[in-house]
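Same order as they appear, the protein sequences are chains A and B. Per my numbering, residue 1 is the first one in the first sequence, and the count goes up by one each step. Per my numbering, residue 213 is the first one in the second sequence, and the count goes up by one each step.
Calculated directly from the structure, the hints in this document are not laboratory data. Don't take every hint at face value.
[What the hints assert, rightly or not] Chain A stretches covered by chain B per the calculated footprint, using a threshold of three residues with CB under 8 Å from any CB of chain B: (1) 79–85; (2) 105–116; (3) 182–191.
[Claimed, not checked] Here are the simulated distance ranges between beta carbons: (4) B/387 x A/126: 52 to 62 Å; (5) B/406 x A/71: 28 to 38 Å; (6) A/208 x B/252: 44 to 54 Å; (7) A/127 x B/247: 20 to 30 Å; (8) B/354 x A/71: 28 to 38 Å; (9) B/328 x A/143: 50 to 60 Å; (10) A/70 x B/253: 47 to 57 Å; (11) B/322 x A/166: 39 to 49 Å; (12) A/26 x B/406: 46 to 56 Å; (13) A/101 x B/246: 21 to 31 Å; (14) A/18 x B/322: 37 to 47 Å.
A virtual CB, placed ideally from N, CA and C, is assigned to each residue, including glycine.
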Amino acid sequence: MRAMGKRSVASFVAGVLTLALYAVSAGIALAAVLLLLAPWIPLPRPDRPEGLVIGVPAAFSVDASRVSAPSIDVTAAGIRDATGILRIPVSTTRVYVSGLSFALVMLAILWIGVHQLRKVVFSLRDERPFAAANAARIRRIAYAVLAGELLRAAFTIGSNIYIARHFEAEGMSFDVRVNMSITTIVAALIIFVLAEVFRAGARLEEEQSLTV
Amino acid sequence: MTIALRIDEEDRTVCATGRRFVASFLAMLLAVMWWLMAASFVVLGFLLLDAPNLAEAPSNAALRLPVTFALEASHVAAPLLDVAGAEVRAQGALRMPVVDKPGVLAAGLALTMAMLAVVWYGTSQLRAVLVSVRDHRPFSADNAVRIRRVAYTVIASESLRAGGAFAANFYVAKYFVADGVRFVSTVGTTVGPSIPMLVCGLIILVLAEVFRAGTRLEEDQSLTI
Numbered sequence: 001m002r003a004m005g006k007r008s009v010a011s012f013v014a015g016v017l018t019l020a021l022y023a024v025s026a027g028i029a030l031a032a033v034l035l036l037l038a039p040w041i042p043l044p045r046p047d048r049p050e051g052l053v054i055g056v057p058a059a060f061s062v063d064a065s066r067v068s069a070p071s072i073d074v075t076a077a078g079i080r081d082a083t084g085i086l087r088i089p090v091s092t093t094r095v096y097v098s099g100l101s102f103a104l105v106m107l108a109i110l111w112i113g114v115h116q117l118r119k120v121v122f123s124l125r126d127e128r129p130f131a132a133a134n135a136a137r138i139r140r141i142a143y144a145v146l147a148g149e150l151l152r153a154a155f156t157i158g159s160n161i162y163i164a165r166h167f168e169a170e171g172m173s174f175d176v177r178v179n180m181s182i183t184t185i186v187a188a189l190i191i192f193v194l195a196e197v198f199r200a201g202a203r204l205e206e207e208q209s210l211t212v
Numbered sequence: 213m214t215i216a217l218r219i220d221e222e223d224r225t226v227c228a229t230g231r232r233f234v235a236s237f238l239a240m241l242l243a244v245m246w247w248l249m250a251a252s253f254v255v256l257g258f259l260l261l262d263a264p265n266l267a268e269a270p271s272n273a274a275l276r277l278p279v280t281f282a283l284e285a286s287h288v289a290a291p292l293l294d295v296a297g298a299e300v301r302a303q304g305a306l307r308m309p310v311v312d313k314p315g316v317l318a319a320g321l322a323l324t325m326a327m328l329a330v331v332w333y334g335t336s337q338l339r340a341v342l343v344s345v346r347d348h349r350p351f352s353a354d355n356a357v358r359i360r361r362v363a364y365t366v367i368a369s370e371s372l373r374a375g376g377a378f379a380a381n382f383y384v385a386k387y388f389v390a391d392g393v394r395f396v397s398t399v400g401t402t403v404g405p406s407i408p409m410l411v412c413g414l415i416i417l418v419l420a421e422v423f424r425a426g427t428r429l430e431e432d433q434s435l436t437i
């Protein structure tokens, strides 16, 4: 299978990224409309869980005494380092607006990253890998990855603190964890290096175009 | 003369802004990871050989199995905020004692070693690419092949991880029970291969071709008098 050109891997990835870009754009539009309509949206009563809910990242452990496997003679297993999404009813405008604002910022960062990546992949599909703009685009992708990860980690810590302070559950303990992905940070640094490789390629191509 | 001067200036810029530092730092980081993974692989190999004895001896030996589960809404509440019922969908690690279970211990160790071997191979290839970039040879002839191998590694490790996670989730859902916790084992958004990761693998495959194009350009230029 060809990697670059028409009907290649690059062409397929460009299609996937186009779909992703439309989905993210629709998400941004929806979040913006819901944010603008915030004062008029009726919120459910706090004691009624049905209706509008918001997903908040939570970190917790489950007591060993609660987990067992009688058929294979395991009596004291435990769930550690669990992370999940706590779905809580949105009962105040402050929670509603802050949740939507964060989602909007994250979607905007994602949109920038996907938009730039799509342009790079389109240039690969058109067999122009060393187009002059590609180095700058890849650098922007690296910044988007870094910014997205830092923001996600900050939000996760914030929501972990909020949940640990306000929520309780039988047999569970909510924790506050610094959940920054080192792999993502390293990936962002690799993308920075990749941008320099594209710059070197563009320079080579430019020099060759000047050769008679 | 003009071209030579410009390249020299850019090299100085590279040093000043730390671009070379990034490649150098990453190469060093990957070298450390490479050695750590090699050491872990050897330790796991010894543990695998000794699995029958290890499982029989009274010890705190335990496996950590990836699990996906849902917590019942009635168990989670925030009285201060007047929230009576919240639901948690979660992933975590189930710590399972392996005393008298040499088969389970051996299977867990073997799967971890297979994952480690794939990641180790990918890291060694990526490290070789970064070393060549650090040494100002980004379009060296071997890099396209190395990057292609990195792409295959990403796809293989993600498939292996998803397969292992599915097996572990299936095992836990079949045998384990917990009050207020429902273990999930169906393939879906939480149990299954990560689509972004697979797309990343495909993008890296395309990048390998970009490096090949760069190598060709450099070869052409080296032939120009």
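Hint-by-hint comparison with the structure:
Counting residues of the stretch 79–85 of chain A whose CB lies closer than 8 Å to any CB of chain B gives 7, so the stated coverage by that chain holds, three being the minimum. For the stretch 105–116 of chain A, the stated coverage by chain B is violated: 0 residues have a C-beta nearer than 8 Å to a C-beta of that chain, whereas at least 3 were required. Residue count for the stretch 182–191 of chain A with a Cβ under 8 Å from a Cβ of chain B: 3. That meets the three needed, and the coverage hint holds. A C-beta distance of roughly 54 Å is found between residue 387 of chain B and residue 126 of chain A, which places it inside the suggested range of 52 to 62 Å.
For residue 406 of chain B paired with residue 71 of chain A, a C-beta distance near 32 Å keeps the hint of 28 to 38 Å intact. Under the hint 44 to 54 Å, the C-beta atoms of residue 208 of chain A and residue 252 of chain B, about 46 Å apart, fit the expected range. Here the CB-CB span from residue 127 of chain A to residue 247 of chain B is close to 40 Å, at odds with the stated 20 to 30 Å. Separated by about 53 Å at the C-beta atoms, residue 354 of chain B and residue 71 of chain A break the suggested range of 28 to 38 Å.
For the hinted restraint 50 to 60 Å between residue 328 of chain B and residue 143 of chain A, the CB-CB distance of approximately 32 Å leaves it violated. Checking the proposed 47 to 57 Å range against residue 70 of chain A and residue 253 of chain B shows it is violated: the Cβ atoms sit about 35 Å from each other. The hinted range of 39 to 49 Å is satisfied by residue 322 of chain B and residue 166 of chain A, whose Cβ atoms lie roughly 44 Å apart. As the Cβ distance of residue 26 of chain A to residue 406 of chain B is approximately 22 Å, the hint placing it in 46 to 56 Å is violated.
As the Cβ distance of residue 101 of chain A to residue 246 of chain B is approximately 42 Å, the hint placing it in 21 to 31 Å is violated. A hinted range of 37 to 47 Å holds for the C-beta pair residue 18 of chain A and residue 322 of chain B, which are about 41 Å apart.
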